[in-house]
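Asker: The chain contents come next:
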Amino acid sequence: MTTPSDLLYSETEDELRSAVRSLLTDRCDATQVLARAESDAPHDGDLWKTLAADMGLAGLLVPESLGGQGATHREAAVVLEELGRFVAPVPYLTSAVIATETLLGCGTPAADELLGALASGRSIGALALPLSTGPSASYAEIEEKDGRLTGRVTAVADAAAADVLLVVAGGGLYAVETASDGVTVTAQTPLDLTRPLAAVTLDSAPGRLLTADASAAVRRGLRAGAGLLASEQLGLADWCLTETVAYLKTRHQFNRPVGSFQALKHRLAELWLETVHARAAARNAADALATASDEAPLAASLAQAYCSPVAVHAAEEALQLHGGIGMTWEHPVHLYLKRAKADAIALGSAGAHREIVAELVDLRAP
Amino acid sequence: MSDAAELVRRTQEFLAAHPPASTAAEAFLEARFDAGLAWVHYPEGLGGLGAPRALQAVVDAELEAAGAPPAVGPSLNGIGLGMAAPTILAFGTEEQKRRFLRPLWLGQEIWCQLFSEPGAGSDLAALGTRAVRDGEDWIVTGQKVWTSGAHNARFAILIARTDPDLPKHRGITYFVCDMTDPGVEVRPLRQITGEAEFNEVFLTEVRIPDAHRLGEVGEGWKVAQTTLMNERVAIGGARLPREGGMIGPIAATWRERPELRTRDLHQRLVELWVEAEVARLTGERLRQQLVAGHPGPEGSGMKLTFARLAQQISGLEVELQGEEGLLYDDWTMRRPETVDFLGREAGYRYLRAKGNSIEGGTSEVLLNIVAERVLGLPSEPRTDKDIAWKDLSR
Ligand SMILES: Cc1cc2nc3c(=O)[nH]c(=O)nc-3n(C[C@H](O)[C@H](O)[C@H](O)COP(=O)(O)OP(=O)(O)OC[C@H]3O[C@@H](n4cnc5c(N)ncnc54)[C@H](O)[C@@H]3O)c2cc1C
Numbered sequence: 001m002t003t004p005s006d007l008l009y010s011e012t013e014d015e016l017r018s019a020v021r022s023l024l025t026d027r028c029d030a031t032q033v034l035a036r037a038e039s040d041a042p043h044d045g046d047l048w049k050t051l052a053a054d055m056g057l058a059g060l061l062v063p064e065s066l067g068g069q070g071a072t073h074r075e076a077a078v079v080l081e082e083l084g085r086f087v088a089p090v091p092y093l094t095s096a097v098i099a100t101e102t103l104l105g106c107g108t109p110a111a112d113e114l115l116g117a118l119a120s121g122r123s124i125g126a127l128a129l130p131l132s133t134g135p136s137a138s139y140a141e142i143e144e145k146d147g148r149l150t151g152r153v154t155a156v157a158d159a160a161a162a163d164v165l166l167v168v169a170g171g172g173l174y175a176v177e178t179a180s181d182g183v184t185v186t187a188q189t190p191l192d193l194t195r196p197l198a199a200v201t202l203d204s205a206p207g208r209l210l211t212a213d214a215s216a217a218v219r220r221g222l223r224a225g226a227g228l229l230a231s232e233q234l235g236l237a238d239w240c241l242t243e244t245v246a247y248l249k250t251r252h253q254f255n256r257p258v259g260s261f262q263a264l265k266h267r268l269a270e271l272w273l274e275t276v277h278a279r280a281a282a283r284n285a286a287d288a289l290a291t292a293s294d295e296a297p298l299a300a301s302l303a304q305a306y307c308s309p310v311a312v313h314a315a316e317e318a319l320q321l322h323g324g325i326g327m328t329w330e331h332p333v334h335l336y337l338k339r340a341k342a343d344a345i346a347l348g349s350a351g352a353h354r355e356i357v358a359e360l361v362d363l364r365a366p
Numbered sequence: 001m002s003d004a005a006e007l008v009r010r011t012q013e014f015l016a017a018h019p020p021a022s023t024a025a026e027a028f029l030e031a032r033f034d035a036g037l038a039w040v041h042y043p044e045g046l047g048g049l050g051a052p053r054a055l056q057a058v059v060d061a062e063l064e065a066a067g068a069p070p071a072v073g074p075s076l077n078g079i080g081l082g083m084a085a086p087t088i089l090a091f092g093t094e095e096q097k098r099r100f101l102r103p104l105w106l107g108q109e110i111w112c113q114l115f116s117e118p119g120a121g122s123d124l125a126a127l128g129t130r131a132v133r134d135g136e137d138w139i140v141t142g143q144k145v146w147t148s149g150a151h152n153a154r155f156a157i158l159i160a161r162t163d164p165d166l167p168k169h170r171g172i173t174y175f176v177c178d179m180t181d182p183g184v185e186v187r188p189l190r191q192i193t194g195e196a197e198f199n200e201v202f203l204t205e206v207r208i209p210d211a212h213r214l215g216e217v218g219e220g221w222k223v224a225q226t227t228l229m230n231e232r233v234a235i236g237g238a239r240l241p242r243e244g245g246m247i248g249p250i251a252a253t254w255r256e257r258p259e260l261r262t263r264d265l266h267q268r269l270v271e272l273w274v275e276a277e278v279a280r281l282t283g284e285r286l287r288q289q290l291v292a293g294h295p296g297p298e299g300s301g302m303k304l305t306f307a308r309l310a311q312q313i314s315g316l317e318v319e320l321q322g323e324e325g326l327l328y329d330d331w332t333m334r335r336p337e338t339v340d341f342l343g344r345e346a347g348y349r350y351l352r353a354k355g356n357s358i359e360g361g362t363s364e365v366l367l368n369i370v371a372e373r374v375l376g377l378p379s380e381p382r383t384d385k386d387i388a389w390k391d392l393s394r
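Here the protein sequences come in this chain order: U and E. In this text, residue positions in the first sequence follow UniProt numbering: the first is 1, and each later residue adds one. In this text, residue positions in the second sequence follow UniProt numbering: the first is 1, and each later residue adds one.
A hint or two may mislead.
[Unchecked claim] Straight-line C-alpha distance at most 27 Å; calculated DSS-like pairs for lysine-lysine:
id	chain 1	residue 1	chain 2	residue 2
1	U	K249	E	K390
2	E	K222	E	K97
3	U	K249	U	K265
4	E	K222	E	K385
5	E	K385	U	K249
6	E	K385	U	K265
7	E	K390	E	K222
Please keep in mind that the hints were generated in silico from the structure rather than gathered at the bench.
Full structure from sequences and hints, please.
Answerer: Here it is, written out as structure tokens:
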């Protein structure tokens with residue numbers, strides 16, 4: 001038997017969690033998130049600066065030698081749990097996890113240089129693929145000619161906040177500054193208002209080659225993204241459960257708290273159990289990624305296959321159990337529902353991850 | 001008037017007298033009401049002929065085949081047609097029936113439902129909007145919420161508390177409220193789809209004539225039961241062709257977009273298709289039972305299945321869309337004229353369907369009703385039945 005992964009939270013991780021949570025409690029409450037979601041500036045740049053630069057959280061996955069914190073996926077996962085709990089509109093998953101991990105997979109001086117910029121929070125990066133792309137999915141490439149890139153990618157998460165895009169073209173990976181000539185980033189209308197999407201159009205845009213073989217680096221980035229997205233989903237589910245439990249203790253109908261009806265107690269107890277399982281799956285993925293275990297691909301897909309539906313279920317239950325108020329724009333539960341539903345498509349659906357799991361554990365489809 | 005052939009003959013005579021091709025739509029519908037072909041099971045003179053309800057389908061088929069203008073549908077006046085009308089028919093005075101039913105059916109007057117309050121949703125009988133008698137009028141003050149379509153409505157069905165000293169079910173009276181009266185204020189309440197289909201309605205010393213009371217003073221809860229029963233049938237009970245409901249759009253997408261297909265989605269889609277088709281057959285069977293004169297208890301369950309399937313199917317549809325499922329068509333706040341569960345795109349359908357298990361009684365409450373009234377299981381111990389409304393905990 002292989003040694004089991006460490007599924008607990010360390011003391012440092014707990015401290016990190018409380019630091020992030022107290023910041024978000026102050027700066028990212030539901031009213032602020034909702035107001036921002038509909039504004040012209042859907043990303044919270046100030047909050048990002050505090051998280052990324054002041055607290056150094058953008059560089060958790062980056063070795064100190066490259067200007068990062070030299071921490072691991074375990075700590076990044078804790079940050080994501082909290083960001084999920086607040087549906088925070090910051091490009092953490094996209095820049096500090098997916099783009100960062102993709103660059104780590106390049107192992108070239110050009111990529112290393114960019115890692116320093118991302119790790120310090122000076123720059124925001126985004127992998128220019130549709131957010132729905134999973135680690136084993138095929139994707140369309142951009143056309144490349146003499147280092148000039150032409151083409152279009154849609155549903156790119158956080159592209160509107162990004163300074164640099166990682167673009168797959170002609171088999172290679174290129175860095176494209178969003179400020180360059182020939183780059184147009186157009187906001188799309190997202191289902192999840194807290195993770196803005198954009199269409200990226202490149203018209204002979206200048207690209208810096210990061211690696212001639214993008215494939216392995218991109219898969220690595222998407223896999224880490226999928227594995228850690230599970231922690232965001234866990235945080236989101238946990239918020240939905242906690243909030244609903246609290247509401248049902250105080251909401252009275254029929255001369256008693258609604259939470260005293262056994263039918264609802266059982267529903268919430270079931271949901272609690274789901275979050276217990278989700279936590280084990282998410283921790284397992286974070287640990288496997290942190291230790292670069294052979295099991296990492298399985299752990300990441302296992303976590304996605306399990307946590308995706310749990311987050312959606314938690315948000316759907318939260319809405320239903322709030323009754324009419326859950327259907328209103330002013331109550332935050334819809335932000336969580338929309339995030340959960342978009343997360344279920346992001347980085348491969350649960351079904352796509354079940355297929356990966358099946359392949360890896362030799363349970364082939366008929 | 002219980003014979004299908006007789007109704008076909010009447011409908012044909014009517015069509016001959018009012019050829020759809022040369023009759024203006026409104027005039028045609030007015031004539032149709034007056035000929036008793038609007039809702040054949042209503043009494044003569046009130047849009048019907050006292051025929052069995054099931055025979056409406058015969059009339060509708062004839063009219064449709066002749067290219068008749070369609071009647072105003074439930075998407076515009078669902079509360080009027082599905083809830084207010086049957087309640088007025090059952091409890092209204094002759095004068096009320098004459099005054100309200102014709103313009104209601106014609107869609108000239110839209111109705112809304114002033115039932116739920118911030119503190120009284122599932123426990124509707126706990127409502128606190130007060131109605132106090134003042135000569136020939138009632139003075140009504142309180143707040144209602146989630147009022148669908150109040151912004152388009154001319155009239156509302158309203159329940160209010162007329163005696164706070166009685167236990168909650170006994171101190172309620174049912175009224176028709178004129179939404180244009182002074183003291184009625186409608187504020188949009190935006191919902192998760194981005195639209196404001198429903199509203200908050202503030203009633204401040206609204207004067208409702210006693211002539212607009214439906215049923216006896218203090219009997220409002222009984223009257224409201226008729227409304228609620230009809231609401232549940234109206235929400236889940238539409239007659240549909242195969243793939244006529246929520247399953248239609250996803251089936252179409254599946255057929256048109258082979259690149260979206262996966263084995264996993266396929267299994268789930270077919271499973272839901274089977275459930276949707278079986279639900280449709282259950283509805284059909286229910287209608288046949290009605291025609292045969294023995295309505296079954298299955299009706300209570302139809303809205304439950306409708307809501308669950310609408311949510312599961314639209315949820316799968318968003319997933320099937322993949323990258324496009326990450327997008328939404330439009331978050332702009334607007335106040336729609338109609339209610340349409342299938343309208344717009346997958347993301348809208350998914351979000352709107354969330355309301356289906358809340359509006360018209362939540363699924364949890366409906367399950368309790370099935371358990372207690374259909375299965376005869378004992379109810380949970382209740383502490384609220386015999387205390388005066390004013391002494392209830394909130
Ligand atoms: C889209 C939409 C349109 C609507 N339109 C109208 C309208 O036009 N007019 C109108 O009057 N109202 C309307 N409503 C209001 C609707 O009828 C109420 O929201 C509904 O009855 C639930 O009440 P509530 O919101 O107060 O939830 P609550 O009653 O507070 O319920 C909260 C949760 O507790 C559960 N619960 C409550 N009691 C029990 C129990 N005994 N056992 C188990 N679980 C229980 C509920 O199922 C729910 O999940 C609308 C609602 C929606 C969402």
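Asker: Could you tell me which of the hints above the structure violates, numbers in ascending order?
Answerer: none
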